[in-house]
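Student: Going down the list, the protein sequences come from chains L and X. First residue of the first sequence? That's 1 in full-length UniProt numbering, and the numbers climb one at a time after it. First residue of the second sequence? That's 1 in full-length UniProt numbering, and the numbers climb one at a time after it.
Be careful, since some hints might not be right.
[What the hints assert, rightly or not] Short, incomplete list of chain X residues facing chain L, as computed with Cβ under 8 Å:
1) Y49
2) S87
3) P130
4) A162
5) T163
Just so you know, these hints were derived from the structure itself, not from any lab. We put the beta carbon where it would ideally sit given N, CA and C, even for glycine.
One-letter residues, chain by chain:
Number of protein chains: 2
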Amino acid sequence: MCQLLGMNCNTPTDITFSFEGFRRRGGVTDHHIDGFGIAFFEGKGVRIYQDDTPCASSPVAEMIQAYGIKSKNVIAHIRKASSGQISLANTHPFMRELWGEYWLFAHNGHLTQLDQLLTKPASTYHYYHPVGNTDSEQVFCYILEQLRQQFPEKPSKECLFATIQKLTAHISNYGIFNYILSNGEWMIAHATTLLHYIIRQAPFGEARLIDDDVTIDFAAVTTPKDRVAVIATLPLTANECWQQLARNEMLMFEDGAIVARDCPDETDVMSIKDALAMAAAVGAAPESVV
Amino acid sequence: MCQLLGMNCNTPTDITFSFEGFRRRGGVTDHHIDGFGIAFFEGKGVRIYQDDTPCASSPVAEMIQAYGIKSKNVIAHIRKASSGQISLANTHPFMRELWGEYWLFAHNGHLTQLDQLLTKPASTYHYYHPVGNTDSEQVFCYILEQLRQQFPEKPSKECLFATIQKLTAHISNYGIFNYILSNGEWMIAHATTLLHYIIRQAPFGEARLIDDDVTIDFAAVTTPKDRVAVIATLPLTANECWQQLARNEMLMFEDGAIVARDCPDETDVMSIKDALAMAAAVGAAPESVV
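Produce the complete structure using the sequences and hints provided.
Tutor: So this is what it looks like as structure tokens:
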């Protein structure tokens, strides 16, 4: 199974601390070694850095770690290939332009019956075509295609959330669909099985990485007005209270806060063990991890 | 004025030597300090690395220099802003997807009367919208838009060359339009004023950078079958014979060789002095460089 990392904030923030722990799962503390990608919105522009080598040892990841790029919206992904070979064309996050904005998408899971979804007439690729051969890029193009066909001009945020929620519920019938999506203004996170988030705001405390012997005192590197939401497949820190998304829960973050939410059943939260077993059952995680 | 660098080869090749000289023009040997971008095709995928700091001192450029990424098609650009502010959204090369392929585009020059071109009915943005506010991204979207509207499916290479040549001739009426374009298979280079190229093949010799005290013996790092075309605004090496494109000449390279050419008048080659003066006259180069 791949792993996702997202950050949405009210002020440009350095993701170095979270990325330090996250990238170690790409070859040191976990087995997600089939490439990685990280993309930072800067205004309307995007820095997108990808590599098909393990994130833990990639020169690109080293550079990112040293550079300390600040952004209000970041999406990262470390890959354990389950659909599509290891290649740059199959490396998340995927990016396309919609309504004069760049959109970024990273997916974790496996959509086993995607062919059935994509052969329906309304879903032909007119505006958006996949370049690689992953289920993830196909479904990203499918979402953008549906949005563009329904809305020639960009609709309101509320309308977008409702439309993407409907599309997501439909796509979820075809497999495991944990994802993070952003247009640089907001960030949407959806869980079929496994996704966590935390919102950090004043009073800030200390946090300790799970994957490395690193501690940070957020109070020393923030202002009292800062608010940062971090989204990750599995919690990145040991001493903070991460919130797990319920099954089929979808959240929209803006300025580090939740601004829209859809949750069919708050009590339906999958155990991490069951989520990994489910991923393994469809070939998206090795048995040994379960 | 910005500067362009392209490489098209018959085998994946490391651009480190050329990029070493080129990047020094981004703050050391020349004044192109308003960001840079370089993109490498890898199969159907693209590594695209951009930064809004001067290329000569950018941590991203340092990483690229150390990594030694190999590719058959590379486009790089160092920017001296003449249209659009300094920001990542305005940093070349620009990338979009067309017919399930990524297309890359970098431009040098200034299209002063672009508004007149883009207000004509056929040129409205239907499939492609600019994200930033440069003339370069606008015209890239215009080219893709025209191609996509004319050809729902990808046409032959010959048809593409002829169509892009017609579009280019038309766009050239609106200002200076030196550019490099690639879909990962071929690379097109067009000069309104200033662009050079060289094709390196066996027997390989030594080359010495103009912008740095660096010499390479290509015979030691190539095989006899290798063929590499390098395209640059101004020659990168002092002891090789670079060919200058005539005014309005357009070349298509594939596997390091010229496979298509359009040249209205071979004898109409602009002097470097006149080309820089022309760029300065439209605000695309500082007077001091002329």
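Student: Mind checking the CB of X/Y49 against every CB in chain L and telling me if the closest is under 8 Å?
Tutor: Status holds, d = 7 Å.
Student: Mind checking the CB of X/P130 against every CB in chain L and telling me if the closest is under 8 Å?
Tutor: X/P130 check passes; min Cβ-Cβ to chain L is 7 Å, inside 8 Å.
Student: When the nearest CB of chain L is found for X/T163, is that gap smaller than 8 Å?
Tutor: 19 Å, violated
Student: Mind checking the CB of X/S87 against every CB in chain L and telling me if the closest is under 8 Å?
Tutor: 5 Å, holds
Student: Tell me if the interface restraint on X/A162 is satisfied: Cβ within less than 8 Å of some Cβ in chain L.
Tutor: 23 Å, violated
Of the numbered hints listed earlier, those contradicted by the structure are 4, 5.
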